[in-house]
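Engineer: Protein chains in written order, with our numbering: chain A, 1 to 255; chain Y, 1 to 393.
Hint data in this document are derived by calculation from the structure and do not stem from the laboratory.
Treat the hints with caution; some may be incorrect.
With a Cα cut of at most 25 Å, we get these calculated BS3-like pairs of lysine-lysine [what the hints assert, rightly or not]: (1) A/LYS65 x Y/LYS8; (2) A/LYS10 x A/LYS235; (3) A/LYS11 x A/LYS75; (4) A/LYS235 x Y/LYS166; (5) A/LYS136 x Y/LYS8; (6) Y/LYS166 x A/LYS65; (7) Y/LYS8 x A/LYS161; (8) A/LYS197 x A/LYS251; (9) Y/LYS278 x A/LYS75.
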Amino acid sequence: MNRIKELFEKKKNILSIYYTAGYPNISDTIEIAELLEKHGADMLEIGFPYSDPVADGPVIQASSKQSLDQGMTLKVLFEQLKDLRKHVKIPVLLMGYVNPVLQFGVENFCNACAEVGVDGCIVPDLPMVEYEEFYKGCFEEHNLSNVFLITPQTADERIHKIDGLTNGFIYLLSSSATTGKNLEVGDTTAQYFGRIKAMNLKNPTMIGFGISDRKTFDKACSYANGAIIGTAFVKAIENGNLEESVSNFMKEFKG
Amino acid sequence: MKYKVNEKGYYGDFGGAYIPEMLYPNVEELRQNYLKIIDDAGFQKEFHQLLKDYVGRPSPLYLAKRLSEKYGANIFLKREDLNHTGAHKINNTIGQILLAEKLGKKRIIAETGAGQHGVATATVCALRNLECVIYMGEVDIERQAPNVARMKMLGAKVVPASSGSKTLKDATNEAMRDWINNPVDTHYIIGSVVGPHPYPDMVAIFQSIISEETKKQLLEQTGSDQPDYVLACVGGGSNAMGMFYHFMDDENVKLVAVEAAGRGVSSGFSAATTYLGKEGVLHGSRSILMQTNDGQVVEPHSVSAGLDYPGIGPQHAHLFKTGRGQYVSITDEESLDAGLLLTQLEGIIPAIESAHALAHLGKMQFKGGENVVVCLSGRGDKDLDTYIKYFNL
Numbered sequence: 001m002n003r004i005k006e007l008f009e010k011k012k013n014i015l016s017i018y019y020t021a022g023y024p025n026i027s028d029t030i031e032i033a034e035l036l037e038k039h040g041a042d043m044l045e046i047g048f049p050y051s052d053p054v055a056d057g058p059v060i061q062a063s064s065k066q067s068l069d070q071g072m073t074l075k076v077l078f079e080q081l082k083d084l085r086k087h088v089k090i091p092v093l094l095m096g097y098v099n100p101v102l103q104f105g106v107e108n109f110c111n112a113c114a115e116v117g118v119d120g121c122i123v124p125d126l127p128m129v130e131y132e133e134f135y136k137g138c139f140e141e142h143n144l145s146n147v148f149l150i151t152p153q154t155a156d157e158r159i160h161k162i163d164g165l166t167n168g169f170i171y172l173l174s175s176s177a178t179t180g181k182n183l184e185v186g187d188t189t190a191q192y193f194g195r196i197k198a199m200n201l202k203n204p205t206m207i208g209f210g211i212s213d214r215k216t217f218d219k220a221c222s223y224a225n226g227a228i229i230g231t232a233f234v235k236a237i238e239n240g241n242l243e244e245s246v247s248n249f250m251k252e253f254k255g
Numbered sequence: 001m002k003y004k005v006n007e008k009g010y011y012g013d014f015g016g017a018y019i020p021e022m023l024y025p026n027v028e029e030l031r032q033n034y035l036k037i038i039d040d041a042g043f044q045k046e047f048h049q050l051l052k053d054y055v056g057r058p059s060p061l062y063l064a065k066r067l068s069e070k071y072g073a074n075i076f077l078k079r080e081d082l083n084h085t086g087a088h089k090i091n092n093t094i095g096q097i098l099l100a101e102k103l104g105k106k107r108i109i110a111e112t113g114a115g116q117h118g119v120a121t122a123t124v125c126a127l128r129n130l131e132c133v134i135y136m137g138e139v140d141i142e143r144q145a146p147n148v149a150r151m152k153m154l155g156a157k158v159v160p161a162s163s164g165s166k167t168l169k170d171a172t173n174e175a176m177r178d179w180i181n182n183p184v185d186t187h188y189i190i191g192s193v194v195g196p197h198p199y200p201d202m203v204a205i206f207q208s209i210i211s212e213e214t215k216k217q218l219l220e221q222t223g224s225d226q227p228d229y230v231l232a233c234v235g236g237g238s239n240a241m242g243m244f245y246h247f248m249d250d251e252n253v254k255l256v257a258v259e260a261a262g263r264g265v266s267s268g269f270s271a272a273t274t275y276l277g278k279e280g281v282l283h284g285s286r287s288i289l290m291q292t293n294d295g296q297v298v299e300p301h302s303v304s305a306g307l308d309y310p311g312i313g314p315q316h317a318h319l320f321k322t323g324r325g326q327y328v329s330i331t332d333e334e335s336l337d338a339g340l341l342l343t344q345l346e347g348i349i350p351a352i353e354s355a356h357a358l359a360h361l362g363k364m365q366f367k368g369g370e371n372v373v374v375c376l377s378g379r380g381d382k383d384l385d386t387y388i389k390y391f392n393l
C-alpha cells in the first residue's frame, strides 16, 4: 500500500515540509530528510531544482539556483536517494517542473522514483490533459501518486475532475500567488476552504503557500487534513548547523 | 491550414499550455474568448483603423534596387521599421490592448528584452489610458537606457528582473509571476509567438497583417502574390510568423528563418535554437529550446537583444521539424556587416535583429530574377551604440 494513503488514514493535522534537494550543500539531501523525520515531520516534499521556476518566489528560486550551481541534476538526486528507505520511513514526494522530467524520460523517471521508494510527485506545470494522456499509466504502474494544485479561482467542475485523477491528496493553494507569501484567512479564503470542505472530495487535502508558524499551521488544519511548509523552512536552514536549525524550526510545530 | 494550431492548442508535437494551476483561469479565459473577440466586426474595424491612422500601415514593400543588383535577385523589403515606435511589435500590442479592454482588464503587464516590445506596450497603454508595468532584465536596463527612458516617459513602471541571467528569459519569468499574483484584473501582453496556447496563435494572427499586405503589394508590383523566398529573423519569432503566415500553405514559397548564431554556433555564446536546442517545455509551451541534458535552460547570447532568447515559438518548431521552413543562423559580425551594407546601398539603417535576415542573402544562391521578400522588422536607431563601437565610427 502507498505510504501516503496510509498516513492520511491514521493521522490528522499532517505536517509536510518542502525543501530543495542539494541545498544548502549538495550532499545535504538525505541528512535533512532524516532530521525532519526525527523532529516530527509527517511527510516530505523534496524539490528537484529548475532554472526557471515561475510558480516559486525568490527564496525557493535562490535555493534552486544554488543547488544547480553546486551540480544538482535529477541523475545526481536519484543517486543520493538510492538508500532513502534505509534512512526515512515517512512518505516522500518529489516536486519540480516538467522539463527536467521530460529530458530524463517519463518512464525512466517513474522507474527511478519507484526504485528508491518515492511515493508521489508534484509537477505544477504539468497540465491535467497531458498527465492523463502521457503520464497517468506510467505513474499508476509504479504506484506513484500525482498531486494536483487547486486555487481559489479553480472552478468546481475542474476540482471534481482533479479529484478523480488524483490518488494521494490535493494541494490547496491558500491564494493564487507564488510561494513565500503569508497566509491570511480573510472571509474569501475561509469561504473557499469551506467550499472545498463541503465538496466531500474523495482525496484528502493539504493547504500550502503561506504557512510559516504554529498559528498559520493550526488555522490551515482547521480546514484541511494538514499543511505544507516550504519557503519558511528553506529560509530557516540557509545558514548554520543543520541539526540545530531543523530542530529549532520543528519545535514551533511539535512543541 | 495544416501548419495552423489544432483545437487542442498544438502545432504537430509542439504547443500546449504547460502552466501552473494558478495561471489556468487567466489562460483559459483568453482561450475561450480570443477568436470570438478578434473575429468580431467591431473589433476588426477598430484594429485596422488604428493600424492605419496610428501605426501608419500599410507599411511599404520596397524593391531595393542596389541590393538586388548586388545579389542578383529582386530583393523586396517589407518596411516594418517605418511603423510607429520603430518595429513590428506595435501590430501585436494594438491587437492585445483592444482585446484586454474587451475582457475588462484594468492593468497591463509585459516583458521586454531590447525594450522594443516594452515601448510598444507602454505606447498603447498611454493611448488607451491603462496602467502599465514592464519587466526588464537588469542587464538589459543598463544596455538599453533610451528605451527605458521612453517607457517611463510613456507612463509605464519599469521593474528590473534581477534573477538568473537578468535578461529577457528572466523578465518573462517575472511577468508570469506578476500574473499569478494578479489573476483577475491584469492582462499579460506577451511580445512574441511564445507562451502557453493561445498566445502563439493570437500573436501570429495580429502579426499576420505583415504577410497579408505583402501578398497584395507583390501582386501589384510583380503580377504575382507568390515570391520565391521570404526571409525573416527569429528570436521568439513574431515578425517571422507574421511574414510567413499567409505563405505557409503556398508550398512553392520557401520560408527562411534566420536565427542568431552569436559568436558562432559552437562558441558557447549563441542563440541558434534549432541548431543547439532539443524538444522541451519553456514558458508554457512545448517547443525547441537550448538546455542541458538535465533540462535546465541554457543562457543564450546574441549581439541583438531581440534575438537573445533560448527558445522559439511552437509554430516555428513545427515548421522546422516538418521541413516546411528552413532554419539557418548568422553570427554577430555577419549581421553587423549586413546592417552597414544596407545603410550604404539603400540609405536604411536596420535593427541588428533584421540585419540577421539581410545577412543570409549573401549565403543564398540565386539564378537571377527570383523574387525575395525580407522582413525589415525594425529600425536601427536603438542599435547605434553597437554599430558605432563595432565599426569605430
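Engineer: For the pair we were handed, Y/LYS8 and A/LYS161, check the Cα-Cα distance against 25 Å.
Structural biologist: Holds - the C-alpha atoms of A/LYS161 and Y/LYS8 are around 18 Å apart, at most 25 Å.
Engineer: Starting from Y/LYS166, check that the Cα of A/LYS65 is at most 25 Å away, please.
Structural biologist: Given pair Y/LYS166, A/LYS65 holds - Cα atoms ~13 Å apart, limit 25 Å.
Engineer: Need the status of pair A/LYS11, A/LYS75: alpha-carbon distance at most 25 Å?
Structural biologist: 33 Å, violated
Engineer: CA of A/LYS136 to CA of Y/LYS8, is that 25 Å or under?
Structural biologist: Since the Cα atoms of A/LYS136 and Y/LYS8 sit roughly 19 Å apart, the hinted pair holds (cutoff 25 Å).
Engineer: Has the given pair, A/LYS10 with A/LYS235, been kept, meaning a C-alpha gap of at most 25 Å?
Structural biologist: 30 Å, violated
Engineer: Is the straight-line distance between the alpha-carbon of A/LYS235 and that of Y/LYS166 25 Å or less?
Structural biologist: Roughly 23 Å separates the two Cα atoms, so the pair holds.
Engineer: Please verify whether Y/LYS278 and A/LYS75 have alpha carbons no more than 25 Å apart.
Structural biologist: 19 Å, holds
Engineer: Run the distance test for A/LYS65 versus Y/LYS8: straight-line Cα separation, threshold 25 Å.
Structural biologist: 34 Å, violated
Engineer: Decide if the proposed pair is consistent with the structure: A/LYS197 and A/LYS251, CA atoms, cutoff 25 Å inclusive.
Structural biologist: 29 Å, violated
In this structure, the hints that do not hold are numbers 1, 2, 3 and 8, in rising order.
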